[in-house]
Amino acid sequence: MPEYYVLMFKSVTGAMQAEKILKKSAIPFKIIPLPKTISTDCGICIRFEAEQLESIKLALASKVEYSDIRKI
Amino acid sequence: MTYKINAAGLQCPEPVILAKKGIESHGDIEITVDNDTAVENIGRLGTKLGCKMNIVKGEKGLYHINIKNCTEAASIISTPEGCRETGSENTGGPVVVISGDTMGKGNDELGRILMKAFIHTILEADTKPGSIIFYNSGVKLAAAGSDVAGDLVELEKTGVEILICGTCAAFFGMKDNIAAGHISNMYDIVNYLTAAARIIQP
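So the sequences go chain by chain: A and B.
738 is the number of the first residue of the first sequence in our numbering; add one for each residue after it.
873 is the number of the first residue of the second sequence in our numbering; add one for each residue after it.
Bound conformation, chain A alone:
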């Protein structure tokens, strides 16, 4: 099993903006519901493999505000 991280947002609007940007960047990711063990305001998050961590941060830097990144 690959190691996954999730990118969390304050609202689903943030997730939607991030999705748009990441789609253009060709970084592999997946839209998933927030794992039950984590609770935030927004139930949708972006899951990606550990190796994409830096490129995701870079792609979204100063464009989309995310609330947290966590390993799942």
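Do not take every clue at face value.
Here are the simulated BS3-like cross-link-like pairs (lysine-lysine), alpha carbons at most 30 Å apart as the crow flies [unchecked claim]:
1. Lys977(B) / Lys747(A)
2. Lys757(A) / Lys920(B)
3. Lys773(A) / Lys1047(B)
4. Lys920(B) / Lys760(A)
5. Lys1047(B) / Lys808(A)
6. Lys1000(B) / Lys773(A)
7. Lys920(B) / Lys940(B)
8. Lys920(B) / Lys761(A)
9. Lys761(A) / Lys1012(B)
10. Lys800(A) / Lys760(A)
Short derived list, chain A residues pointing at chain B, Cβ under 7 Å [claimed, not checked]:
11. Ile769
12. Ile781
13. Ala798
14. Val801
From the derived model, a few chain A residues whose C-beta atoms are all more than 10 Å from chain B [stated by the list, open to error]:
15. Tyr741
16. Lys767
17. Ser804
Hints in this document: simulated from the structure, not taken from any laboratory.
Every value quoted in this text rests on a predicted model; they were computed, and no experiment measured them.
Think of the CB as a built atom: it goes at the ideal place given N, C-alpha and C, for glycine as much as any other residue.
Go by the hints and put chain B onto chain A.
For chain B alone, kept in the frame of chain A given last:
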């Protein structure tokens, strides 16, 4: 002379396959089964073939189904009935209907993101549906290159049947570009919906 088949202990789709083969080669048959799903599936087969049927409930939960005088040749049915949920027996699971590429109505962008999360969650769920039917813009989700194409391929591997409305796939110009599932038609879609014990429409 009625040909006897013992299908007790066999799970769907075996009883209905045996019944079909029996009718094909022997005409009149009596088949013994031990579950409601088999009774219903064989019942549907008999109805399709215009047969006279008599079901006798025997001991130890056995059913003896007598099938005779079929007006249609069993060979008109190319594939046996699917294994669908009947009554309390959960063999086929519910049917999920995806009638658009959004989950709910209101904001399409939001709906599309919710739909992705929904399909991902079905894949992760312990209880999977028996089948998923895609129609109208829902078929786009099953196109090669769709964000959920991978999930659908995985779902198919777990035994979930994926039906794609052929008319819709043609309308969106993706009939030759399906990532998962098989192209289906209104007859199958209606059959699945009417036979379903539960229908889930996100």
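Worksheet entry | Holds or violated: Lys920(B) to Lys940(B), with C-alpha atoms at most 30 Å apart | 13 Å, holds
(Q) Run the distance test for Lys920(B) versus Lys760(A): straight-line Cα separation, threshold 30 Å. (A) 49 Å, violated
Could you check if Ala798(A) really has its C-beta closer than 7 Å to a C-beta on chain B? 22 Å, violated
Self-check item: Pair hint outcome, Lys761(A) versus Lys1012(B) [Cα-Cα no greater than 30 Å]
Solution: Distance of about 19 Å is within 30 Å: holds.
Problem set entry | Pairwise hint evaluation, Lys747(A) against Lys977(B), where the allowed Cα distance is 30 Å at most | Holds - the C-alpha atoms of Lys747(A) and Lys977(B) are around 22 Å apart, at most 30 Å.
Would you mind confirming whether the straight-line C-alpha gap from Lys1047(B) to Lys808(A) stays at or under 30 Å? 39 Å, violated
Would the hint linking Lys920(B) and Lys761(A) be met if the CA-CA limit is 30 Å? Violated, because 52 Å separates the two Cα atoms, which is more than 30 Å.
Check the hint pairing Lys757(A) with Lys920(B) against an upper bound of 30 Å on the C-alpha distance. Roughly 50 Å separates the two Cα atoms, so the pair is violated.
* Sort out whether Lys1047(B) lies within 30 Å of Lys773(A), counting only the CA atoms. => 37 Å, violated
Verify that the Cβ of Tyr741(A) lies farther than 10 Å from every Cβ atom of chain B, and report whether the claim holds or is violated.
12 Å, holds
* Pair hint outcome, Lys800(A) versus Lys760(A) [Cα-Cα no greater than 30 Å] -> Status holds; Cα separation ~14 Å.
Does the nearest C-beta of chain B fall within a distance shorter than 7 Å of the C-beta of Ile769(A)?
5 Å, holds
Going through the hint list in order, the structure does not satisfy hints 2, 3, 4, 5, 8, 13, 14, 16.
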